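K.L.:
Single-letter residue listing:
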Amino acid sequence: MKISEVLRIAGEGIARNKLRALLTMLGVIIGVAAVIIMIAISAGTEATISENIKDLGTNLLFVTQSMGTMQAPARNAGPSGTFLTYDDAQAISTSISGISGVVVERDISEQIKYGSNSIDSLSVVGTTPSYPQVRDVVQASGRFITQNDIDNSAKVVVLGYSTAQSLFGAADPTGEKIYVGDIRVTVVGVMAKKGVVGNTNYDERVYIPLTLVFEKFTFSPFARMQGDQVGTILVQVADMNTMDKVITQIQILLAKRHETTVAALPFTVRTQEDIIATQESTTAAFRSLLAWVAGVSLVVGGIGIMNIMLVSVTERTREIGIRQAAGATPGDIRGQFLTEALLLSLTGGLIGVMAGVGGAWFFYKIGEMRTGVLPNSIMLAFVSAAIVGIFFGFYPANKAAQLDPIEALRHE
Amino acid sequence: MSEPSIIDIDQITKVYQMGNVDVTALDGVSLSVKQGEFLAIMGPSGSGKSTLMNILGCLDRPTSGTYLLAGEDVSRMSREQLARIRNQKIGFVFQSYNLLVQATAVQNVLLPIVYRRNEHISTKERYEIAHNTLISVGLVDRDRHKPTEMSGGQQQRVAIARALINSPALILADEPTGNLDSHSGIEIMEILQKLHTEGRTIVMITHDARNASYAERTVQLKDGKIDANYNHAMAPIQAMAGGAA
Numbered sequence: 001m002k003i004s005e006v007l008r009i010a011g012e013g014i015a016r017n018k019l020r021a022l023l024t025m026l027g028v029i030i031g032v033a034a035v036i037i038m039i040a041i042s043a044g045t046e047a048t049i050s051e052n053i054k055d056l057g058t059n060l061l062f063v064t065q066s067m068g069t070m071q072a073p074a075r076n077a078g079p080s081g082t083f084l085t086y087d088d089a090q091a092i093s094t095s096i097s098g099i100s101g102v103v104v105e106r107d108i109s110e111q112i113k114y115g116s117n118s119i120d121s122l123s124v125v126g127t128t129p130s131y132p133q134v135r136d137v138v139q140a141s142g143r144f145i146t147q148n149d150i151d152n153s154a155k156v157v158v159l160g161y162s163t164a165q166s167l168f169g170a171a172d173p174t175g176e177k178i179y180v181g182d183i184r185v186t187v188v189g190v191m192a193k194k195g196v197v198g199n200t201n202y203d204e205r206v207y208i209p210l211t212l213v214f215e216k217f218t219f220s221p222f223a224r225m226q227g228d229q230v231g232t233i234l235v236q237v238a239d240m241n242t243m244d245k246v247i248t249q250i251q252i253l254l255a256k257r258h259e260t261t262v263a264a265l266p267f268t269v270r271t272q273e274d275i276i277a278t279q280e281s282t283t284a285a286f287r288s289l290l291a292w293v294a295g296v297s298l299v300v301g302g303i304g305i306m307n308i309m310l311v312s313v314t315e316r317t318r319e320i321g322i323r324q325a326a327g328a329t330p331g332d333i334r335g336q337f338l339t340e341a342l343l344l345s346l347t348g349g350l351i352g353v354m355a356g357v358g359g360a361w362f363f364y365k366i367g368e369m370r371t372g373v374l375p376n377s378i379m380l381a382f383v384s385a386a387i388v389g390i391f392f393g394f395y396p397a398n399k400a401a402q403l404d405p406i407e408a409l410r411h412e
Numbered sequence: 001m002s003e004p005s006i007i008d009i010d011q012i013t014k015v016y017q018m019g020n021v022d023v024t025a026l027d028g029v030s031l032s033v034k035q036g037e038f039l040a041i042m043g044p045s046g047s048g049k050s051t052l053m054n055i056l057g058c059l060d061r062p063t064s065g066t067y068l069l070a071g072e073d074v075s076r077m078s079r080e081q082l083a084r085i086r087n088q089k090i091g092f093v094f095q096s097y098n099l100l101v102q103a104t105a106v107q108n109v110l111l112p113i114v115y116r117r118n119e120h121i122s123t124k125e126r127y128e129i130a131h132n133t134l135i136s137v138g139l140v141d142r143d144r145h146k147p148t149e150m151s152g153g154q155q156q157r158v159a160i161a162r163a164l165i166n167s168p169a170l171i172l173a174d175e176p177t178g179n180l181d182s183h184s185g186i187e188i189m190e191i192l193q194k195l196h197t198e199g200r201t202i203v204m205i206t207h208d209a210r211n212a213s214y215a216e217r218t219v220q221l222k223d224g225k226i227d228a229n230y231n232h233a234m235a236p237i238q239a240m241a242g243g244a245a
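Order-wise, the sequence lines are chains A and B.
Position 83 of the first sequence, counted from 1, bears residue number 83 in the working numbering, the numbering being contiguous throughout.
Position 237 of the second sequence, counted from 1, bears residue number 237 in the working numbering, the numbering being contiguous throughout.
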């Protein structure tokens with residue numbers, strides 16, 4: 001039998017019941033579309049993450065409070081307490097070699113006000129002079145916080161790009177007085193646009209000297225409790241190859257300063273890769289959900305194909321008998337119905353690919369989720385559709401092939 | 001005895017199992033049909049003529065006995081091999097035509113060619129062959145008609161054309177006029193007779209004595225055995241028809 005002949009017969013079989021064929025294909029369509037969207041989203045996420053590695057700054061170590069150690073009050077937040085302090089940062093800076101910068105960050109949330117313009121719950125970062133260098137943020141105008149500001153707890157503020165825009169529009173805000181909470185401060189500079197990296201929108205932040213946070217923003221009971229505790233100490237390592245060595249040195253130093261052992265240290269020292277891995281795990285959850293949807297849809301789609309093929313074999317029993325009388329072998333009949341099942345699943349696959357590409361675009365446009373459709377994913381989708389067609393088409397096709405020609409010819 | 005045998009069956013039995021009971025449909029039938037012969041098989045229902053037809057048509061295998069079709073022993077062949085034999089050596093004409101309802105006359109006629117092995121005839125040539133075969137059975141300008149657009153007589157002509165397309169050694173007709181009015185029935189019988197004069201070997205099952213009269217020889221089946229076997233040259237058909245009526 002010619003291949004073209006087999007395809008023609010199978011095609012005619014499907015064309016006889018177009019709506020039924022479409023409904024049958026629905027499971028495969030959804031499954032294949034889910035496969036493509038899933039892979040497109042993971043590809044997009046991976047691209048975002050690899051860019052984040054670059055944008056976070058290079059060779060960074062993040063020293064933070066370990067989970068579960070923050071609840072304890074810190075009335076005596078001295079060197080022997082269980083909280084990270086500015087002194088810790090200074091100790092790291094002075095006594096550990098091979099580091100090119102140390103930044104301390106303490107985030108608070110305050111209202112910012114300029115005249116009648118105000119922004120609620122803005123992220124205010126108390127930080128130190130190396131911030132732009134370590135965080136890889138560029139100064140647009142004016143200056144950043146200096147060591148002098150730190151020493152004097154100077155009432156100065158540096159604005160993020162979009163915060164400056166919303167408070168001052170196009171005008172240069174340098175020298176203007178604004179309110180951060182109840183404290184009147186002078187704008188000394190504006191940062192250049194950087195955008196969103198990870199969960200942080202750099203352009204909406206404002207920066208004040210770390211010591212100003214300790215002095216003026218610790219009046220709330222919670223903040224007072226925290227004392228001169230700091231959120232994160234960022235350490236920039238000069239040479240990437242010495243990262244592990246520096247991590248160990250920081251851990252030993254902190255253990256000594258807080259009178260504990262490295263094993264019991266209430267702080268974590270992580271690289272940016274560690275932090276990214278945490279971010280990845282959240283998208284992985286979404287991905288595995290879609291993978292499940294894809295898998296289940298393909299199986300359900302396959303069962304749908306099997307069901308409709310069984311109906312088709314029953315409906316066309318007499319046709320099978322006529323073909324058998326004309327000399328169709330069991331192999332010919334099996335081939336005909338397998339081809340029909342395959343044609344159904346592959347057509348479903350094709351529609352699914354189109355729906356998937358469209359869906360990926362939809363997620364990108366509407367869901368603002370970065371996606372990238374890979375040619376490989378289209379191949380994968382087609383192959384899985386074909387496997388579904390063959391696997392679930394085999395039983396009905398075999399049933400047709402095993403029909404007794406006499407019974408089949410007698411069938412009404 | 002110079003003509004070679006197309007059909008040579010020897011002591012064929014067919015036993016069906018109906019629950020716990022064995023039903024013997026054929027009980028030691030021996031028969032041979034010469035090349036170019038036109039044989040009618042008659043018998044009341046339950047006499048085993050359908051079973052014999054199925055075995056002769058290689059749609060079924062005998063329980064015991066041998067069946068030589070054009071010199072080949074087909075009694076122990078696999079389903080696969082039987083399908084090939086049906087394709088190459090047998091052309092079927094059924095009472096209910098058994099045409100593919102969705103297919104045109106030409107597509108129906110070409111069906112056995114579709115299942116021919118190592119076939120390399122172009123689509124155009126195929127169409128030509130089918131077209132000419134349809135003309136040879138008296139169907140002109142019906143190539144693109146579907147069975148539902150044709151009369152019973154026309155449908156049966158398509159079926160005969162289909163039976164002829166692979167030039168089989170044997171044409172098996174099972175009550176070919178059973179669904180037709182008498183006028184169309186006569187036309188179909190005349191076509192079969194014409195095929196016979198052209199040298200085709202035809203075996204026809206019928207309960208109609210007038211149809212049997214077109215054949216050279218009639219075999220009477222009764223209770224799974226051959227009851228009578230007579231040549232029409234010796235037994236006047238009119239007398240037999242009268243007896244049956």
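Among these hints, one or two may not hold up.
To be verified - Straight line, CA to CA, 27 angstroms or less: simulated DSS-like cross-link-like pairs of lysine-lysine:
{"hint": "1", "chain 1": "B", "residue 1": "Lys225", "chain 2": "A", "residue 2": "Lys2"}
{"hint": "2", "chain 1": "A", "residue 1": "Lys2", "chain 2": "B", "residue 2": "Lys89"}
{"hint": "3", "chain 1": "A", "residue 1": "Lys18", "chain 2": "B", "residue 2": "Lys89"}
{"hint": "4", "chain 1": "A", "residue 1": "Lys256", "chain 2": "A", "residue 2": "Lys245"}
{"hint": "5", "chain 1": "A", "residue 1": "Lys2", "chain 2": "B", "residue 2": "Lys124"}
{"hint": "6", "chain 1": "A", "residue 1": "Lys177", "chain 2": "A", "residue 2": "Lys113"}
For the record, the hints were derived by calculation from the structure and aren't laboratory data.
As the structure is a prediction and not an experimental result, all values here were calculated from the model.
K.L.:
Each hint needs a verdict: does it hold in this structure or not?
P.N.:
Against the structure, the hints come out as follows:
1. B:Lys225 to A:Lys2: This hinted pair is violated, its Cα atoms lying about 44 angstroms apart.
2. A:Lys2 to B:Lys89: With a Cα-Cα distance of about 21 angstroms, the restraint between Lys2 (chain A) and Lys89 (chain B) holds, given a limit of 27 angstroms.
3. A:Lys18 to B:Lys89: Not OK: Lys18 (chain A) and Lys89 (chain B) at ~38 angstroms, beyond 27 angstroms, violated.
4. A:Lys256 to A:Lys245: Cα-Cα ~17 angstroms, so holds.
5. A:Lys2 to B:Lys124: Holds, at about 15 angstroms.
6. A:Lys177 to A:Lys113: holds (9 angstroms)
The structure does not agree with the numbered hints 1 and 3 stated previously, though it agrees with the rest.
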